Each structure stands twice: as C-alpha cells, then as structure tokens.
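Peer 1: Spelled out, the chains give:
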Amino acid sequence: MKKKILWLASVPVPVLLAMLLLLPGSRSVAANNEPSGSNAEVTIDNFSFGPQTLTVPVGATVTWTNRDDIPHNVVSTDGVFKSKVKDTDEKFSYTFTKAGTYSYFCSVHPKMTGKVVVQ
Amino acid sequence: MTNKKQDLIAEKSQDLNNDGVDRRGFLKCMAWAGTGLVWTMSGGIPASRAFAKLHGKDDRKSGDFSFVQISDSHIGFNKPANPDVTSTLQLAIDKINAMQHKPDFIIHTGDLTQLSKPSEFDTLDQVLKGASPKQIYFVPGEHDMLADNGEEYLQRYGKGTKGTGWYSFDHKGVHFVGLINVANLKAGGMGSLGHEQLEWLEDDLKGRADSTPIVLFAHIPLWTIYPDWGWGTDDSEQALSYVRRFGSVTVLNGHIHQIMQKVEGRISFHTAVSTAFPQPTPGTAPSAGPMKVPADQLQRVLGITDVNYLISGRSLAIVDSALGDSGSASLGNGASARRVESIRGAR
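Protein chains in written order, with this note's numbering: chain A, 1 to 119; chain B, 1 to 347.
What the hints contain is simulated information worked out from the structure, not anything from laboratory work. No experiment lies behind these values; they were computed from the predicted model shown. Using N, Cα and C, we set each Cβ at its ideal position, and we do this for glycine too. Hints may be right or wrong, so weigh each one.
For lysine-lysine, the following DSSO-like pairs were computed, each having C-alpha atoms within a straight-line distance of at most 27 Å [as the list claims (entries may be wrong)]:
1) B:K186 with A:K82
2) A:K111 with B:K79
3) B:K129 with B:K102
4) B:K162 with A:K84
5) B:K292 with B:K117
6) B:K162 with B:K206
7) A:K111 with B:K117
8) A:K111 with B:K186
9) B:K79 with B:K117
10) B:K206 with B:K172
11) A:K111 with A:K82
12) A:K111 with B:K262
13) A:K91 with B:K117
14) A:K84 with B:K186
15) A:K98 with B:K186
16) B:K186 with A:K91
17) B:K172 with B:K262
18) B:K292 with B:K79
19) B:K117 with B:K159
20) A:K111 with B:K292
21) B:K117 with A:K82
22) B:K206 with B:K159
Now the in silico label distances, taken between C-beta atoms and shown as ranges [said to hold, decoys possible]:
23) B:G265 with A:T61: 47 to 57 Å
24) B:G265 with A:K98: 44 to 54 Å
25) A:T101 with B:H101: 54 to 64 Å
26) B:A285 with A:T77: 24 to 34 Å
27) B:P118 with A:D45: 20 to 30 Å
28) A:T77 with B:R244: 27 to 37 Å
29) A:T77 with B:H195: 14 to 24 Å
30) A:D45 with B:K117: 17 to 27 Å
31) B:D125 with A:K82: 27 to 37 Å
Construct the complete structure from the given sequences, taking the supplied hints into account.
Peer 2: The structure is reproduced here in structure tokens:
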C-alpha cells in the first residue's frame with residue numbers, strides 16, 4: 001500500500017484527475033463480480049470460494065481468508081501461485097502484476113474452484 | 001385402498017417366525033443371499049446368532065482371522081465437533097484391545113492427521129503404540145498430503161511402497177492392496193489413482209487365482225457416492241475392472257465419516273466411520289464439513305470396523321461398532337442397526 005501512495009504523490013494533479021476518472025474497476029462493475037480495488041477479498045467457507053469469480057485491477061492484492069473449520073489451500077491451475085495449507089482464520093495473499101484470468105482450486109478438496117480476473 | 005391391497009400389505013408385514021423379520025424382510029434377505037451377500041438387521045435373534053457364530057471358539061478354524069479398520073483420526077483437529085480427537089482415538093484403541101478375538105492387524109484408511117504436522121503424526125504413533133495388534137497398515141488421506149505433497153507421510157509410513165505410497169501384501173491367503181487416491185488431484189475432480197498406479201495394480205493382480213479373496217483399501221471411496229462433495233474416484237472403474245474376475249472382493253474406504261455400503265456383483269464396498277467426528281449425509285448440509293452432535297451422542301457416531309475372514313466359507317464378515325458401546329450395538333446418527341455381512345468367496 002505504501003508504494004501506491006508514494007507513486008500517486010509524484011503524479012501531476014491534472015493527470016491524477018484524469019486517472020481517477022478513468023480508473024478501471026470502479027463501482028460500475030458487472031453484477032456477477034464483486035467491486036474490486038479495496039475489496040480484493042475472497043472468503044473460504046463451506047468448502048467454497050466466495051465470490052467464486054473476482055475481478056481486480058492489475059497490481060491488486062487478493063487476500064483469501066479461511067472461515068471454514070477445515071484447512072484449505074489456494075493453488076493456481078497454471079502453477080502461478082500456491083499457498084501453504086491454511087487452517088481456520090489463516091490468510092493467503094497474492095499480488096497480481098499481470099492481466100489475465102487465473103483459475104485456481106483447493107488441491108485438498110479439488111471440487112472447490114475459483115477464478116481471479118485481472119484487467 | 002382396495003381390500004386385496006390391504007390383505008397383501010398385511011400378509012407382507014406378518015412376522016411369521018417371531019424372529020423380528022417379516023415376510024417382506026425375509027424376501028429382501030433372500031434376494032441378497034442370491035447375490036452372495038447376507039445382511040441381517042439387529043433387534044432379533046438372527047443377528048446375534050450370526051455374530052456368535054463368527055466369534056464362537058468352536059467355529060474358528062486355523063485359517064480364520066480378523067482385522068480392524070479404523071479411519072479418519074484427524075489428529076490435530078480441535079474444533080467444536082470434537083475438541084479432543086486424541087481421546088476418541090484412544091477409546092477406539094481401547095475397544096480394539098478389549099475384543100475377545102484378537103485381530104491380526106489394523107488398517108487405517110487415512111486422514112491420520114489434520115494438517116500433516118510432524119507433531120500430529122507423533123501423537124498418532126504414541127496412541128497406536130498402545131494397540132495390541134502391533135502390525136498397522138496405512139494409506140494417507142488428503143489431510144496427510146499437506147506437507148510437501150505427502151513427504152512427511154511417506155517418510156514415516158512409506159517403507160516398501162511405490163509411487164505415492166501404494167503397496168500390496170498377503171495374509172493367510174487373502175491379498176490386500178493399499179491404493180492412494182489423494183495425490184495429484186485435479187481442479188474440479190474427485191479422488192484419483194493415476195496411470196502409473198493403475199498399471200502397477202494390473203500387474204500386481206496378474207496370475208492370481210480367481211478364488212483369491214481380494215481386499216482393496218484407499219481413503220476416498222472407490223465408487224461414486226456424491227460427486228458434488230468429491231465423494232468418489234474419477235478413475236476407479238479401471239481399477240475395479242481388474243478385480244471383477246475374482247470371487248470375493250472387498251473395498252474398504254474412509255473419507256466420508258459415515259457408513260455407506262454397496263454391492264456390485266462380487267465386489268462389496270464399505271466405508272468406515274471416523275474416530276474423530278461425523279459428517280452429514282449427502283445433500284443434507286451446505287457442505288461435507290464436520291458435523292456437531294450433542295456431546296453425549298458423539299461416541300455413538302464414531303467407531304471401528306471389525307472384519308472377519310472365515311476360511312471355511314471363504315467369506316468376509318464386516319461388523320461396525322460404535323465407541324463406548326460394549327459389543328457391537330448402535331452405530332450412525334441414532335439408527336440402531338448392527339450390521340453383519342457375510343460375503344461368499346468363489347468355490
């Protein structure tokens with residue numbers, strides 16, 4: 001977060017205004033997906049990822065929190081990221097630096113699948 | 001309802017021999033016997049007679065033996081469904097040690113630990129040290145694969161095994177195969193055996209006489225119980241095709257923390273309850289997670305499985321019993337059924 005603030009401070013005001021207006025992932029995102037930016041969170045509960053599809057801007061950090069009473073993990077199907085196993089209340093975070101669609105699943109309970117769309 | 005219908009219903013529900021089995025029940029039993037399986041429900045004399053027959057000294061021949069299946073001890077789990085899984089495992093071991101007929105060995109069908117932690121495996125070993133049967137066979141559950149894809153498990157229990165931990169052994173003429181279906185799981189899939197293991201299995205069974213009783217054991221059920229919850233194995237059909245020629249095949253699984261059974265030709269499938277916590281029956285809860293029951297009922301939904309092999313009839317009998325019950329009464333979500341199955345081998 002600190003990096004982001006410093007970077008914004010060095011940008012001229014008109015450019016900054018233009019950026020804010022054009023910022024992707026604003027509140028007018030499609031109903032299926034959660035608003036991104038500040039809400040880059042996925043909750044793991046009842047053997048499922050919620051929301052199942054999350055859309056975030058490039059550079060966003062997504063945090064998965066396990067609220068289930070069973071351990072789960074977060075594993076990208078393309079080998080991009082892989083968390084250690086997380087017990088109840090433990091978290092895993094990953095920062096998406098490249099645009100794309102990242103499918104993932106819980107390798108302990110493989111029926112649990114999810115997707116992060118980075119754009 | 002017509003009079004004829006009422007008469008038929010009345011006739012079917014008559015208990016003709018006063019043995020707790022009415023005509024409809026008797027026909028059901030006979031149908032099962034036709035396919036090689038006899039399943040008696042408790043309450044009446046037939047069940048206890050069969051049970052006594054299994055365990056009477058006079059009936060035991062030299063080739064007869066028994067073993068016990070335990071499953072899903074989840075050492076390390078400490079949530080409300082059971083805050084002390086080590087104690088309930090100890091109760092299971094105490095129960096095994098108190099059995100009148102001594103089992104030759106124990107099979108643990110996986111989820112030994114909750115998080116694959118070394119301390120959890122240590123605690124498990126400590127409890128199992130107190131078991132009378134000194135030989136214990138294991139297969140891992142998905143909870144035992146959490147540290148480096150099962151490295152910790154393999155280091156401790158993988159001696160003599162191949163690949164991700166599969167192996168086979170013979171005991172008094174019965175061929176046992178431990179299969180691993182919790183490794184390299186694919187997104188959206190269920191349990192998986194994989195090509196290498198299937199090739200090994202085919203080779204392992206080659207040349208064995210059809211009359212050899214076979215016991216397969218693996219963590220996740222080798223038949224499809226409930227795909228939505230991952231209760232099944234994607235490539236189990238191939239494995240089952242290798243054993244169909246045998247006269248008596250028993251498949252022992254865990255993972256679902258409740259008893260489910262099925263017969264398919266000469267293959268009998270059985271899943272065991274957990275020694276740690278129960279799980280809901282398919283579709284009755286949002287997910288397959290630990291199910292909380294009133295504290296005084298916990299021991300009634302946990303248990304062990306006693307498997308008896310009788311060489312005279314080449315039959316295998318499976319008896320499930322709950323913890324904290326003397327003898328083998330009452331298992332599973334309040335239902336009071338003592339199940340005794342006799343599976344006939346080839347003659």
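Peer 1: Now tell me, hint by hint, if it's right for this structure.
Peer 2: Each hint, compared with the structure:
Between B:K186 and A:K82 the CA atoms are separated by roughly 14 Å; this keeps the pair inside 27 Å, and the hint holds. Our distance criterion of 27 Å between C-alpha atoms is met by A:K111 and B:K79, whose separation comes to about 23 Å. Proximity of B:K129 to B:K102 is assessed by CA-CA distance (about 16 Å); at most 27 Å being required, the pair is judged to hold. For the hint pairing B:K162 with A:K84, the CA-to-CA distance comes to about 26 Å; that is within 27 Å, so the pair holds.
Taking the CA atoms of B:K292 and B:K117, the gap is about 24 Å. The hint holds against a cut of 27 Å. About 17 Å separates the Cα atoms of B:K162 and B:K206, which keeps this hinted pair within 27 Å; it holds. Using a Cα cut-off of 27 Å, the hinted pair A:K111 and B:K117 holds, with the two alpha carbons roughly 24 Å apart. Of the supplied pair hints, the one linking A:K111 and B:K186 holds, its CA atoms being roughly 9 Å apart against a limit of 27 Å.
Distance check on the hinted pair: B:K79 and B:K117 sit about 17 Å apart at the alpha-carbon level, within 27 Å; holds. Under the criterion of a C-alpha separation no larger than 27 Å, the hint pairing B:K206 with B:K172 is consistent with the structure, at around 19 Å. For the suggested pair A:K111 and A:K82, the alpha carbons sit about 17 Å apart, so the restraint of at most 27 Å is met. Between A:K111 and B:K262 the alpha-carbon distance is near 24 Å, which keeps this suggested pair within the 27 Å criterion.
The suggested pairing of A:K91 with B:K117 holds, with an alpha-carbon distance near 18 Å, which does not exceed 27 Å. Taking the CA atoms of A:K84 and B:K186, the gap is near 17 Å; set against the 27 Å cutoff, the hint holds. Between A:K98 and B:K186 the CA atoms are separated by roughly 24 Å; this keeps the pair inside 27 Å, and the hint holds. The straight-line distance between the Cα atoms of B:K186 and A:K91 is roughly 23 Å, inside the 27 Å bound, and the hint therefore holds.
Taken as a hint, the B:K172 and B:K262 pair is honoured in the structure, with Cα atoms around 26 Å apart against an allowance of 27 Å. Pair hint B:K292 plus B:K79 holds up; C-alpha atoms about 9 Å apart against a cutoff of 27 Å. Distance check on the hinted pair: B:K117 and B:K159 sit about 19 Å apart at the alpha-carbon level, within 27 Å; holds. With a C-alpha separation of about 23 Å, the suggested pair A:K111 and B:K292 falls inside the 27 Å cut-off, and the hint holds.
A C-alpha spacing of about 18 Å is found between B:K117 and A:K82, which places the hinted pair at or below 27 Å, so the restraint holds. Under the criterion of a C-alpha separation no larger than 27 Å, the hint pairing B:K206 with B:K159 is consistent with the structure, at around 23 Å. Separated by about 54 Å at the C-beta atoms, B:G265 and A:T61 satisfy the suggested range of 47 to 57 Å. Our hint of 44 to 54 Å for B:G265 and A:K98 holds, since their Cβ atoms are close to 53 Å apart.
For the hinted restraint 54 to 64 Å between A:T101 and B:H101, the CB-CB distance of approximately 59 Å keeps it satisfied. Roughly 27 Å separates the CB atoms of B:A285 and A:T77, a value that falls within the hinted 24 to 34 Å. Look at B:P118 against A:D45: about 29 Å separates their beta carbons, and that is inside 20 to 30 Å. Checked against the hint of 27 to 37 Å, the pair A:T77 and B:R244 passes, with Cβ atoms roughly 34 Å apart.
Checked against the hint of 14 to 24 Å, the C-beta distance between A:T77 and B:H195 comes to roughly 20 Å, which is consistent with it. With their beta carbons about 23 Å apart, A:D45 and B:K117 fall inside the hinted range of 17 to 27 Å. In this structure, B:D125 and A:K82 meet the distance hint of 27 to 37 Å, their C-beta atoms being roughly 29 Å apart.
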